[in-house]
Amino acid sequence: MMYETIAAVSTPLGEGGISIIRVSGEGALTEVERIFRSKTKLTEADSHTIHYGHIVDPDNGEKVEEVLVTVMKGPRSFTAEDVVEINAHGGIISVRKVMDLLLQQQIRVAEPGEFTKRAFLNGRIDLSQAEAVMDLIRSKSDRAFSVAMKQAEGQLSTRIKQLRHILIETLAHIEVNIDYPEHDVEELTSLFIQERCGQVISEIEKLLKTASEGKILREGIVTAIIGRPNVGKSSLLNALAQDNKAIVTDIPGTTRDVIEEFVTINGIPLRLLDTAGIRETSDIVERLGVERSRSALQEADLVLFVVNHNEPLHPDEREWMQQIVGRQVIVIVNKMDLPKRLEEDELKAVFGEGSIVTMSVKEQEGMDSLEKSISALFFSGSIESNDMTYVSNVRHISLLKKTLQSLHDAVEASEQGIPIDMIQIDVRTAWELLGEIIGDAVGDSLIDQIFSQFCLGK
Amino acid sequence: MSFVAGQYDAIVIGAGHAGCEAALAAARMGCNTLLLTINLDMVAFMPCNPSIGGPAKGHVVREIDALGGEMGRNIDKTFVQMRMLNTGKGPAVHALRAQADKFLYQQTMKETIESTPNLTLRQGMVEELIVEDGKCVGVETKTGAQYLAKAIVLTTGTYLRGKIIMGELMYESGPNNQQPSLKLSESLRKHGFELVRFKTGTPPRVHKHSIDFSKTEIQPGDENPKFFSYETKSSDNEQLPCWLTYTSEDTHRIINENLHRAPMFSGVIEGTGPRYCPSIEDKIVRFADKPKHQVFLEPEGKNTAEYYVQGLSTSMPEDVQLKILRSVPGLENVEMMRTGYAIEYDAVVPTQLWPTLESKKVEGLFTAGQINGTSGYEEAAAQGVMAGINAARKVQEQPPVILDRSQAYIGVLIDDLVTKGTNEPYRLLTSRAEYRLLLRHDNADLRLTPIGYDIGLITEERYTSFKCKVELVEQELDRLKTTKVKPDEAVQAMLAEVGSAPLVNGCDVMTLLRRPEVTYAHVEQLYPSTLELDEEMKEQVEIQIKYSGYIEKQLLQVERLRKMEKKLIPHDIDYHDVHGIASEAKQKLAKIRPLSIGQATRISGVSPADISILLVYLEHYNRVTAIKQSQSDEE
Chain L
1 MMYETIAAVS TPLGEGGISI IRVSGEGALT EVERIFRSKT KLTEADSHTI HYGHIVDPDN
61 GEKVEEVLVT VMKGPRSFTA EDVVEINAHG GIISVRKVMD LLLQQQIRVA EPGEFTKRAF
121 LNGRIDLSQA EAVMDLIRSK SDRAFSVAMK QAEGQLSTRI KQLRHILIET LAHIEVNIDY
181 PEHDVEELTS LFIQERCGQV ISEIEKLLKT ASEGKILREG IVTAIIGRPN VGKSSLLNAL
241 AQDNKAIVTD IPGTTRDVIE EFVTINGIPL RLLDTAGIRE TSDIVERLGV ERSRSALQEA
301 DLVLFVVNHN EPLHPDEREW MQQIVGRQVI VIVNKMDLPK RLEEDELKAV FGEGSIVTMS
361 VKEQEGMDSL EKSISALFFS GSIESNDMTY VSNVRHISLL KKTLQSLHDA VEASEQGIPI
421 DMIQIDVRTA WELLGEIIGD AVGDSLIDQI FSQFCLGK
Chain H
1 MSFVAGQYDA IVIGAGHAGC EAALAAARMG CNTLLLTINL DMVAFMPCNP SIGGPAKGHV
61 VREIDALGGE MGRNIDKTFV QMRMLNTGKG PAVHALRAQA DKFLYQQTMK ETIESTPNLT
121 LRQGMVEELI VEDGKCVGVE TKTGAQYLAK AIVLTTGTYL RGKIIMGELM YESGPNNQQP
181 SLKLSESLRK HGFELVRFKT GTPPRVHKHS IDFSKTEIQP GDENPKFFSY ETKSSDNEQL
241 PCWLTYTSED THRIINENLH RAPMFSGVIE GTGPRYCPSI EDKIVRFADK PKHQVFLEPE
301 GKNTAEYYVQ GLSTSMPEDV QLKILRSVPG LENVEMMRTG YAIEYDAVVP TQLWPTLESK
361 KVEGLFTAGQ INGTSGYEEA AAQGVMAGIN AARKVQEQPP VILDRSQAYI GVLIDDLVTK
421 GTNEPYRLLT SRAEYRLLLR HDNADLRLTP IGYDIGLITE ERYTSFKCKV ELVEQELDRL
481 KTTKVKPDEA VQAMLAEVGS APLVNGCDVM TLLRRPEVTY AHVEQLYPST LELDEEMKEQ
541 VEIQIKYSGY IEKQLLQVER LRKMEKKLIP HDIDYHDVHG IASEAKQKLA KIRPLSIGQA
601 TRISGVSPAD ISILLVYLEH YNRVTAIKQS QSDEE
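These protein sequence lines are chains L and H, in that order.
FYI, in the UniProt record's numbering the residues of the first sequence are 1 to 458.
FYI, in the UniProt record's numbering the residues of the second sequence are 1 to 635.
FYI, nobody ran anything at the bench for these hints, they're computed from the structure.
These numbers come from a predicted model, not from an experiment.
Treat the hints with care, as some may be off.
[Stated by the list, open to error] Straight-line distance between alpha carbons at most 16 Å, and here's what the computed EDC-like set of lysine to aspartate or glutamate pairs gives:
1) H:LYS292 to L:GLU33
2) H:LYS591 to H:ASP416
3) H:LYS553 to L:GLU186
4) L:LYS209 to L:GLU33
5) H:LYS290 to L:GLU4
6) H:LYS290 to L:GLU186
7) H:LYS226 to H:ASP236
8) L:LYS161 to L:ASP100
9) H:LYS563 to L:ASP100
10) H:LYS591 to H:ASP574
11) H:LYS183 to H:ASP236
12) H:LYS484 to H:GLU524
13) H:LYS292 to L:GLU4
14) L:LYS73 to L:ASP100
15) H:LYS586 to H:ASP572
16) H:LYS567 to H:ASP416
17) H:LYS486 to H:ASP508
18) H:LYS292 to L:GLU344
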């Protein structure tokens with residue numbers, strides 16, 4: 001097989017508490033072997049066998065996760081290549097750790113639709129399916145792209161851009177020294193390179209530290225909780241959080257108007273947004289909050305629409321119904337302990353009977369059925385989990401780590417007195433890797449930088 | 001009245017740096033070749049700086065030579081100064097640069113052309129392409145002479161609708177007041193070519209005796225000059241120095257006061273000029289806070305008093321040019337002999353070419369050099385030699401020769417042109433090459449001479465000596481790998497002397513040589529070779545050992561590139577048929593028509609997802625074609 005080895009989480013996140021990470025390619029067996037401890041060696045295992053063992057960090061021997069590993073040798077596998085599937089039963093955190101370790105081996109994150117593409121290219125998928133395969137790649141890529149675009153506007157990307165700027169200035173300086181040796185441009189010292197690279201190294205180390213604390217890694221199904229004031233949204237949020245132990249709370253940078261909580265329900269990660277007051281308002285300060293709530297609602301994969309059992313439908317609520325119909329919605333009829341004054345039939349007509357959950361947050365009643373509803377939607381595939389965000393986050397970390405390695409190589413080489421045109425190779429690699437995070441094409445920008453930074457010519 | 005004046009295998013139009021290489025390559029490969037030029041006195045003329053080489057450009061000259069081209073030999077015969085640049089950096093960016101005797105350079109090239117079998121040199125201005133059924137079959141000159149051939153190479157330089165601009169003055173002209181070619185552009189347009197308008201320029205020339213050299217710094221050549229051609233082993237050329245001075249505050253004031261008369265800023269110039277070769281007025285406007293700029297004074301030859309003023313390229317009016325010159329220390333009383341000027345010309349949009357430099361619009365028509373949007377003698381010559389080779393291959397019905405980005409700067413140059421195009425005159429820079437470490441000055445022969453030999457441009461004699469070099473280098477590498485070093489007194493003394501840590505255990509010589517402080521000369525003294533190695537071979541051995549780590553890294557990347565380059569895309573693919581590719585990418589792909597997936601990945605606007613889809617489509621296409629094939633076989 002002539003392809004690189006790739007990996008991706010192949011199950012929707014948190015399904016039944018078990019995640020499958022699929023690895024495919026020539027190096028699947030040998031690369032997974034490096035981080036897998038078991039009685040049998042994967043490289044010696046028969047095809048289509050399952051092995052119990054642990055994923056360990058090869059650097060310190062620490063056990064990361066208890067797993068079952070399936071070995072399927074090509075061509076008798078989905079992609080017709082050697083395939084290893086790692087069944088991990090922890091939640092999202094341990095899946096991330098396993099992915100992280102895999103990507104430190106000679107493995108990269110699969111592109112959208114890549115397993116299917118390989119299956120096709122390797123003759124596993126029927127000719128008639130070609131168009132479907134192309135569609136799949138297109139739609140997955142577009143989705144990945146839109147996620148990437150979302151991230152490109154974020155804080156992470158601003159910082160990456162700053163770091164890239166430092167690197168490209170350094171690169172332009174190196175290149176000018178090489179391409180215009182007689183020009184009166186200051187000769188680049190190894191000290192300068194070490195200083196610049198050192199600066200970027202410490203910034204990336206900071207980024208990676210925050211990543212391991214889970215602050216830049218916010219993944220899960222984006223869930224918006226909407227409803228009129230006092231229908232019990234916040235209590236619902238708190239109940240879910242308490243019940244399921246919030247993973248992260250109090251995200252800096254978010255306003256009080258949108259509170260975020262991370263919870264896992266039956267292993268399904270939810271990112272809960274309590275969109276405090278979605279209603280028309282003329283108050284400027286409040287409006288800002290409302291705007292944010294609206295955009296939170298736009299972003300959501302799942303909408304929890306909370307209404308009061310004890311009150312008839314309010315005009316505001318009827319308007320929202322129009323807005324959210326057709327989305328993935330669970331209508332929560334709260335305060336079932338109070339007398340019914342709600343037109344439940346109207347809600348059923350719009351959203352379908354299966355989408356209505358009756359409960360009392362205060363009395364802790366009906367929480368089970370809510371959780372069941374969420375699981376049902378998730379496992380039926382109705383909710384498109386935003387695992388793309390998740391994958392790209394793992395990708396980010398792996399790219400950041402590779403960048404760090406390249407920069408360390410550059411510093412080390414420059415300390416050893418290696419010529420600048422070779423150190424340049426490592427600096428350039430670092431710059432390109434950072435570019436991959438924010439999806440910047442390499443293009444001619446280095447050459448542009450050279451000519452805008454220096455006055456050159458005959 | 002038109003008349004048939006001759007029939008050839010190949011015709012090259014234009015005898016500049018591209019044309020000379022193209023004609024020589026075709027003729028040497030056995031094609032009966034005609035070389036037409038507007039003016040026979042202008043063969044291999046250098047209209048701008050009297051120098052050849054430098055970073056990337058020098059590498060290219062070396063590559064031309066390794067393939068069997070002429071530029072390297074010609075400059076080795078005619079240089080008046082030779083310098084190796086970047087010697088303080090890694091071996092990959094060492095770059096040879098020569099100052100040429102312009103007049104001798106021309107004369108020598110003309111002699112070579114005149115004495116080459118199969119090659120006819122003739123004066124004539126081509127005005128019309130003769131195209132039949134989408135194929136170029138000949139050309140017609142102003143006098144009505146029709147020359148017919150199976151392949152035509154156009155190397156028109158800056159002559160196509162050339163226009164010289166000097167302040168308010170503007171007139172139709174080729175470089176250095178040569179007759180421009182006014183009609184050929186029309187013929188190209190008529191046959192569907194998209195043309196663009198580019199601009200370049202040249203500084204004034206001054207009289208040597210009016211320069212006060214005492215106010216300048218001397219820049220001598222190397223004491224032991226190296227050469228461009230692998231064939232040149234020694235030279236007794238006398239070397240001349242260049243001189244360095246700087247612009248003054250006065251220079252900047254004069255330019256600023258006269259900006260309204262600068263065509264660059266008054267809007268007269270419509271062509272796009274190169275950023276890397278700006279005029280002095282451009283430099284002063286764009287980098288206003290730079291207090292002074294370098295000015296190099298370079299002799300144009302041994303038997304002339306003309307000096308080229310590098311750094312003062314300008315299209316200011318003549319009176320301002322003189323004031324500018326005289327504001328520079330050392331040039332206070334200078335006599336200006338030729339005025340600097342800007343020149344606009346037509347160029348072909350290079351994405352209309354296949355990587356062979358044959359046009360996609362008109363079969364049998366190749367273009368090379370400045371007409372393809374490049375700038376520089378070396379870039380022109382490189383395309384010339386490739387166009388000549390591929391024209392000959394076409395005539396001889398042989399597969400084309402395409403160099404990839406990991407093989408040669410020439411490959412980088414042509415791939416950039418035909419895949420990405422260019423929106424300014426294109427200059428090679430080492431930073432354009434992804435695999436710079438592999439594309440070294442020292443190993444051009446290892447990379448390209450076997451190809452030159454296969455296609456008949458490298459002589460048997462030269463190839464034998466090349467193979468001998470390869471063999472000896474291999475043997476020496478082997479010896480160094482297997483020779484053991486014991487931590488004895490001699491080694492420890494040497495290591496102490498060069499400031500390297502003492503040896504604790506034994507190792508092999510190769511390992512010792514990998515230490516940054518240790519050179520081949522050091523190990524050679526302690527562990528002498530029985531082989532007869534010349535300096536070139538020793539250098540090769542040293543580089544291959546010292547930088548093996550980095551070299552291997554790049555080789556791995558190249559392996560990945562090659563895989564993609566090997567996936568060929570059939571010519572008859574209809575991109576509008578490919579379901580799922582984004583529409584911008586479809587348009588780009590349909591326009592460029594990449595030969596391989598590798599080339600497709602380098603087209604701007606084509607995303608990795610588009611490439612994935614294209615791969616799936618190709619697989620589908622190939623399987624369907626195979627099925628159809630087997631069905632028709634059965635019938």
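Checked hints:
1. Distance hint between H:LYS292 and L:GLU33 is unfulfilled; the C-alpha atoms sit about 62 Å from each other, more than 16 Å.
2. Simply put, H:LYS591 and H:ASP416 have alpha-carbon atoms about 15 Å apart, close enough for the 16 Å limit, and the pair holds.
3. For the suggested pair H:LYS553 and L:GLU186, the alpha carbons sit about 29 Å apart, so the restraint of at most 16 Å is broken.
4. A C-alpha spacing of about 27 Å is found between L:LYS209 and L:GLU33, which places the hinted pair above 16 Å, so the restraint is violated.
5. Pair hint H:LYS290 plus L:GLU4 does not hold up; C-alpha atoms about 49 Å apart against a cutoff of 16 Å.
6. About 13 Å separates the Cα atoms of H:LYS290 and L:GLU186, which keeps this hinted pair within 16 Å; it holds.
7. A distance of roughly 12 Å separates the Cα atoms of H:LYS226 and H:ASP236; the hinted pair therefore holds under the 16 Å criterion.
8. Between the alpha carbons of L:LYS161 and L:ASP100 the distance comes to roughly 23 Å, so the proposed pair goes past 16 Å and is violated.
9. With a C-alpha separation of about 28 Å, the suggested pairing of H:LYS563 with L:ASP100 is violated against the 16 Å cut-off.
10. For a cut-off of 16 Å, the pair hint linking H:LYS591 to H:ASP574 stands: about 11 Å separates their Cα positions.
11. Restraint check: the Cα-Cα separation between H:LYS183 and H:ASP236 comes to about 46 Å, which exceeds 16 Å; the hinted pair is violated.
12. Between H:LYS484 and H:GLU524, the direct Cα distance comes to roughly 13 Å. Compliance with the 16 Å bound is thereby established for this hinted pair.
13. About 52 Å separates the Cα atoms of H:LYS292 and L:GLU4, which puts this hinted pair outside 16 Å; it is violated.
14. For the suggested pair L:LYS73 and L:ASP100, the alpha carbons sit about 24 Å apart, so the restraint of at most 16 Å is broken.
15. For the proposed pair H:LYS586 and H:ASP572, the alpha carbon gap of about 14 Å is at most 16 Å, so the pair holds.
16. Taken as a hint, the H:LYS567 and H:ASP416 pair is broken in the structure, with Cα atoms around 19 Å apart against an allowance of 16 Å.
17. At most 16 Å may separate the alpha-carbon atoms for a hinted pair to count; H:LYS486 and H:ASP508 meet this at roughly 8 Å.
18. About 82 Å separates the Cα atoms of H:LYS292 and L:GLU344, which puts this hinted pair outside 16 Å; it is violated.
In terms of the numbered hints stated before, the structure departs from hints 1, 3, 4, 5, 8, 9, 11, 13, 14, 16 and 18, listed from lowest to highest.
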